[in-house]
Amino acid sequence: MHSHTDHTRYTLLKRLLWMVFIWSASVLGLAIVSFGIRAMMTAAGMRV
Numbered sequence: 001m002h003s004h005t006d007h008t009r010y011t012l013l014k015r016l017l018w019m020v021f022i023w024s025a026s027v028l029g030l031a032i033v034s035f036g037i038r039a040m041m042t043a044a045g046m047r048v
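In the UniProt record's numbering, the protein residues as written are 1 to 48.
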C-alpha cells in the first residue's frame with residue numbers, strides 16, 4: 001500500500017516535470033519564431 005508521503009512526492013514530481021516540459025516547449029517555440037523572423041529579414045535584404 002502506498003503512503004500519503006509517496007503520493008505527495010509523486011504529485012510534486014509530476015507537477016515539476018510538467019512545468020519543465022511547458023517551459024521547454026515555450027523556449028523552443030520562441031526560438032522557432034525568432035529564427036523565422038530572422039530568415040524573413042535576411043530574405044528581404046536586411047543583413048546585420
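Rather than coming from a laboratory, the hints here were simulated on the basis of the structure.
Heads up, some of the hints might be wrong.
[Unchecked claim] Derived CB-CB ranges, DEER-like: (1) V20 <-> M46: 43 to 51 Å; (2) A39 <-> T11: 39 to 47 Å; (3) A43 <-> D6: 53 to 61 Å; (4) W18 <-> R38: 46 to 54 Å; (5) L13 <-> S34: 25 to 33 Å; (6) M40 <-> H7: 48 to 56 Å; (7) R15 <-> G36: 40 to 48 Å; (8) L12 <-> A44: 42 to 50 Å; (9) D6 <-> R38: 46 to 54 Å; (10) S34 <-> T8: 47 to 55 Å.
Don't be surprised by glycine CBs; every beta carbon is placed ideally from N, CA and C.
We went through each hint and held it up to the structure:
1. V20 <-> M46: 43 to 51 Å: Given range 43 to 51 Å: violated, Cβ gap about 35 Å.
2. A39 <-> T11: 39 to 47 Å: Check passed, 42 Å falls within 39 to 47 Å.
3. A43 <-> D6: 53 to 61 Å: Holds: the Cβ-Cβ distance is about 55 Å, inside 53 to 61 Å.
4. W18 <-> R38: 46 to 54 Å: violated, 30 Å
5. L13 <-> S34: 25 to 33 Å: holds, 32 Å
6. M40 <-> H7: 48 to 56 Å: holds, 49 Å
7. R15 <-> G36: 40 to 48 Å: violated, 32 Å
8. L12 <-> A44: 42 to 50 Å: holds, 48 Å
9. D6 <-> R38: 46 to 54 Å: holds, 48 Å
10. S34 <-> T8: 47 to 55 Å: At roughly 39 Å between Cβ atoms, T8 and S34 fall outside 47 to 55 Å, so the hint is violated.
Going through the hint list in order, the structure does not satisfy hints 1, 4, 7, 10.
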